[in-house]
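Chains B and D, in that order, are what the protein sequence lines are.
Residues in the first sequence are numbered from 1 upward in steps of one, following this note's numbering.
Residues in the second sequence are numbered from 1001 upward in steps of one, following this note's numbering.
Just so you know, these hints were derived from the structure itself, not from any lab.
Just so you know, even glycine gets a beta-carbon here, dropped at the ideal spot from N, CA and C.
Be aware that one or more of the hints could be misleading.
[To be verified] These stretches of chain D come out as covered by chain B in the derived footprint (C-beta under 8 Å, 3 or more residues): (1) 1043-1054; (2) 1104-1113.
[Unchecked claim] With a straight-line Cα cutoff of 27 Å, these simulated DSS-like cross-link-like pairs (lysine-lysine) come out: (3) D:Lys1071 / B:Lys102; (4) D:Lys1095 / B:Lys57; (5) D:Lys1071 / B:Lys57.
[Said to hold, decoys possible] Computed spacing ranges between beta-carbons, pair by pair: (6) D:Gly1017 / B:Pro61: 41 to 49 Å; (7) B:Asn59 / D:Asn1067: 36 to 44 Å; (8) B:Thr20 / D:Ser1065: 40 to 48 Å; (9) D:Ser1055 / B:Arg30: 31 to 39 Å.
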Amino acid sequence: KAGVTQTPRYLIKTRGQQVTLSCSPISGHRSVSWYQQTPGQGLQFLFEYFSETQRNKGNFPGRFSGRQFSNSRSEMNVSTLELGDSALYLCASSLLGSGGEKLFFGSGTQLSVL
Amino acid sequence: QQQVKQSPQSLIVQKGGIPIINCAYENTAFDYFPWYQQFPGKGPALLIAIRPDVSEKKEGRFTISFNKSAKQFSLHIMDSQPGDSATYFCAASMKGGAQKLVFGQGTRLTINP
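Only chain D is shown next, with the shape it has when bound in the complex (with noise of 0.2 Å):
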């Protein structure tokens, strides 16, 4: 129940391309649910995240679709580049537990120009 699963593992897109990422959960108790972006040598760090009251959210080129009687979430990446070739981790919390993310098993994606 703690899970969250995430596909797909790998991805590869061209440049301009909208490379879609999903994740779907089993805990009704989350209630915070962001994505993280890692690039090798470094710590993850904060791209965008959501509330389950919310059904999408857009910050730059990405846009996070919430589906809460699914549950499930996916992240889209539009007009993407090169640099973004990265792995995205999505995550999440419940209430009062905030720090204490749960993470997918993570998905690398490859931008070709």
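Chain B on its own, in the form it takes in the complex (with noise of 0.2 Å):
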């Protein structure tokens, strides 16, 4: 069975410029749900979907957005990107995201912002 899978790989966009990032979970597991990771804040929660709803959400701007398709795979959208938006974004996904469930991470996108 496939992992999750994050494309693409490494980013690089100035400031200013939007990106979109594209996350598919393992086959059947329909929750996504999306971190970012930076050496001084640590891994904080973005958001999370499931069924193409929105189901939690981070403290993050709104600048910072997601969608969910029909097939589970999932979209995060950075607007006027910041240099302070530079990070490893990383997707995890699991079957229902009920209580306890084993999260699985993809490698992450690495997204720098000059």
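Got two chains here, separate frames each, mind docking them using the hints?
Shown next as structure tokens:
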């Protein structure tokens, strides 16, 4: 069974641009969540989607948005990029997103904002 | 109240030693406490997890000890190997927010041969 796939692996953008990251969950998994990882702030929860609906949201500005498609694939978008958005963006999936369920992470998209 | 505090930031242990990583939390609504292992260039991978109604859980060489009254939990790695060198994160989540994990800052563990 293929793991969580994130594309692209690396991205370089300039301030003010927007970016879209893609995530394909493990087959059969319906919950997809996104995390931002930086050396200073560590791993921070962005949002979670289940059956195309955002179910949980972290404390990030509205420039960060996401969506989930009917096949459970998910995208996240960051508009008006800032230098501080440089980070590793991780996608994770699980079957139903219910309590205590194992979360499977992808290898992430490394975003550099210049 | 949402924080999970992890220590130490880095740890160096000789092969065969027992590294111990500690975490503390404030929010008593947390009811799920996983530990993740992350290698460079990879995403975190779940190692072991515990619920607050259990004081200890073992899986292979990994053990979680949980102290509900102190709001602390720790990871012990028995018979540590150089291949265990990685960054370890503790985390916590609340009922109904299983995917909304609050992570500790991480511990960079090095096992010397």
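Now for the hints, and whether the structure bears them out:
1. 1043-1054: holds (count 6)
2. 1104-1113: With 3 residues close enough to chain B, the hint holds.
3. D:Lys1071 / B:Lys102: Distance ~23 Å between Lys1071 of chain D and Lys102 of chain B Cα, so the pair holds.
4. D:Lys1095 / B:Lys57: Measuring from Cα to Cα gives roughly 15 Å; hence the hint holds.
5. D:Lys1071 / B:Lys57: Holds, at about 25 Å.
6. D:Gly1017 / B:Pro61: 41 to 49 Å: This hint holds: roughly 44 Å between Cβ atoms.
7. B:Asn59 / D:Asn1067: 36 to 44 Å: Given a distance of about 29 Å, which is not inside 36 to 44 Å, the answer is violated.
8. B:Thr20 / D:Ser1065: 40 to 48 Å: Once the Cβ atoms are compared, 43 Å apart, the range 40 to 48 Å for Ser1065 of chain D and Thr20 of chain B holds.
9. D:Ser1055 / B:Arg30: 31 to 39 Å: Given range 31 to 39 Å: holds, Cβ gap about 33 Å.
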